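Working from the sequences, and respecting the hints, build out all of it.
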Amino acid sequence: MTSSKQALAHSASSADAAPGEQPGAAGRAHGRGTPPPPGPGSWRSKLYRWDMKASPYAFISPFFIVFGAFSLVPLLYTAWYSLHNVQLADLDGQSWAGLKNYENLLSSDFFWNSLWVTFAIGVISTVPQLLMAIGLAHLLNYKLRGSTVWRVVMLTPYATSVAAATLVFVLLYSWDGGMINWMLGFVGIDPVNWTESDWGSKFAVSTIVIWRWTGYNALIYLAAMQAIPADLYESAAMDGANRWQQFIHVTIPQLRPTILFTVVVSTIGATQLFGEPLLFGGVSGSKGGSGHQFQTLGLYMYDQGWIIGNLGKASAIAWSMFLILLIVAAVNLLISRRLRKSQ
Amino acid sequence: MTATQLTPPQAEKKPPRRARTRVMGAGKQLHAGPVTYIVLTLFALVSLAPLVWTAIAASRTNTRLAQTPPPLWFGGNLFKNLQTAWEEAGLGTAMVNSVIVAGTITVATVLFSTLAGFAFAKLRFKFSNLLLLLTIGTMMVPPQLAVVPLYLWMADLGWSNQLQTVVLPTLVTAFGVFFMRQYLVQALPTELIEAARVDGASSLRVVWHVVFPAARPAMAVLGLLTFVFAWNDFLWPIIALNQENPTVQVALNSLGTGYVPDQSVIMAGALLGTLPLLIAFLLFGKQIVGGIMQGAIKG
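Protein sequence lines correspond, in order, to chains A and B.
Here the first sequence is numbered in our numbering, starting from 1179 and rising by one per residue.
Here the second sequence is numbered in our numbering, starting from -18 and rising by one per residue.
Careful, some of the hints might be misleading.
Claimed, not checked - Cross-link-like lysine-lysine pairs, in silico, DSS-like; alpha carbons within 25 Å at most:
id, chain 1, residue 1, chain 2, residue 2
1, A, Lys1465, A, Lys1278
2, A, Lys1224, B, Lys107
3, B, Lys103, A, Lys1231
4, B, Lys103, A, Lys1321
5, B, Lys267, A, Lys1231
6, B, Lys267, A, Lys1224
Hints were generated in silico from the structure; no laboratory data involved.
None of these values were measured; they are calculated from a predicted model.
So, in C-alpha cells, the structure goes:
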C-alpha cells in the first residue's frame, strides 16, 4: 500500500499540471462508496458517473474507429466491388457483373497456378523455418556467454525490410557472378538459374522468408521454453530419460500451444506472401517470373488490380484469399481441439 | 535464465510460482558446450552475412559486381554510391517521409493502444470480453482485403501520393491493444486505480497519473516494435505512393524494378533504408528481444 499512497500523493500534488482534466475531477472524496455530499442529483456526481460509464468506451473507440473505417468497411466494399466490373483506367464506369469475376478466376489457369505457388512456397518456407527455430531456441536456452548478444544477432534479419532483404538476395542469387552460384561451384554444382527455374525460384524466394523470420520464431519458442517448469525435466531425468528424450517428451509437448500459434501466424503470412516474389522478379516482378513460377496469390492480385488494371477481379482474388484463411483457421482450430482431447 | 537477465518490461502473472520456476530453471540450466557455440556461430554468420555483404556490394561498382568471383571485401565507392542513392533514387526524400510516417504511427499507436489496453485490462464495462475477442480476431484480416476500396477513396479525395494515406489506416493496431492489455493486467495494481478514484480522480487523470507511469516500459517496447513494423510496411505504401513522394520501401521497390539500373547503387539504397533500424537494434536490441519474447508468452 505504500506505493499506492505515494502515487496518490503524487497525483494530488501535481493535480494542477494534469492536462485534459475534467471539471468533475476537482472534487475530492467522490470515490466508490463515498457519494458526494450534495446528493445524487448534483452535476458533479452525474458527471462522475457518466465518466465511469463512458470512458472505457472512449478509450477503446480509437481502435474500433480505425478498424471500422480502414478494414471493416473496406472489406465489405471489396466484396461489393468483386461483384462489379471496376477498371483502373475508368474508375467512374463501374457496372454490375454478378459472379463473373469469380467465374473468371475459377476458369483461369493463372489463378490455380498462384494457389499452387502460394501453397508450395508456403510449405517450403514455413516447415524448415519453424524446425530450425525450435532447434535454435533450444541452443539459446543453454546458459550462454553474452546471451543477449546472441539473441539480438539472431533477430537482425527481422530489422531488414522485405524490400531491402529481397534486393540483396536477388544479387546473391544472380545467375552469373552471384555469390551463391559461385559457392556452389566449389562443391561441383553447375550454376542454377534461380529466377527462371521452377523449383529453384520457389526455393530462392522461400530462403528470403526463412532468413527474415527464423530468429523471430526462435525467440518466441525460447520464451515458451523458459516457462516450462523445471520439475518436469527432473522427473523425466529420474525416469532415466536422456537429453534428447527429454527434448522430445518434455519440451515439444510443452511447446505445443506455442507451436500451434507460430504455425497459424506463419500460415497467415505465407498466404499473403507478396513483397518477396514481387521484388525477386525485378522489372516484371508482378508476373512472378516468365512462367509465373513464383506468382503467389498476393502477387496475382496486385498484377490483376494495378498492372492489368482490373480492380473488380482483384477484389474477387482478395476475397478468395480471405476464404482460404478462414478455412486454414478452422482446420487449425480442429487440429488443436483434437490434440487437446488426445492428451 | 535468471531474473536479472529479463528486460525491464516484464510483469509476472503469478509472482510466487513463476519465481520458483525460474530459480529452479536457473539452478538446473545446462551450460552450453563447444558444439552449441559452433552451431550458434553458424546461425549468426548466416544472419549477418547478407547485411555485411550489402555494405561490401554498396562500396563497389556495378561492373565489379557483374564479375566472378563476387567481391569479398570493401571497395572505395561507398560514399559515391550512397550519395547517388540519396539523390537520384530519392532515398533522401524517402528517409524523411518514412521518419514522418513511422514516427506518427508509433506515437498514435502507443497512445491509443495504452488507453484501450488499460480499458480492457482494468475497467469494467458491458461486452468487454466480447470486444477484446473481436479485437484479437481482427488480426486475421489480411491487408489485401482493404486496398481496393482504400485506393478508390484516395483517388476520389485527390490524396494520391500524400503521406496521410499511409498513416491513417495504421494509427492503432490490434497487436498494440492486446500487447498493452496483457502488460497492464499484471503490472498495474487495481488498488492504485481505486485509491485514485477514492481521491475523486476522473478517468483521464487516472490515465495520466497512474496508468502512463505504470505502462511506460511496455509503451517503450511497443513503440520500438511499431516503428520497425511501420518502417517496413510494404503492400499499401507501394499502392498508395509512387516515386514522386516515396517512403523508403517505395523507393526500394522503384530501385528493384529498374529505376536506377546500377546494382551497387541499389545495394547502397538497401543499406541506407535499413540503417536506421540497425542502429535502433544496436541501441535497444535487448528491449526489442524482450518485447517479442514477452508478447510470445502471453500470446
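Assess, step by step, whether the Cα of B:Lys267 is no farther than 25 Å from the Cα of A:Lys1231, and give holds or violated.
Status violated; Cα separation ~40 Å.
Hinted pair, alpha-carbon criterion (25 Å max): B:Lys267, A:Lys1224. Please report holds or violated.
Not satisfied, since the Cα-Cα distance of roughly 47 Å exceeds 25 Å.
For the pair we were handed, B:Lys103 and A:Lys1231, check the Cα-Cα distance against 25 Å.
holds (13 Å)
Does the alpha-carbon distance linking A:Lys1224 and B:Lys107 stay inside the 25 Å limit?
holds (19 Å)
Need the status of pair B:Lys103, A:Lys1321: alpha-carbon distance at most 25 Å?
violated (37 Å)
Verify the proposed pairing of A:Lys1465 with A:Lys1278, using a straight-line Cα cut of 25 Å.
It holds: about 23 Å lies between the C-alpha atoms, which stays within 25 Å.
Comparing the model with each numbered hint stated earlier shows that hints 4, 5, 6 do not hold.
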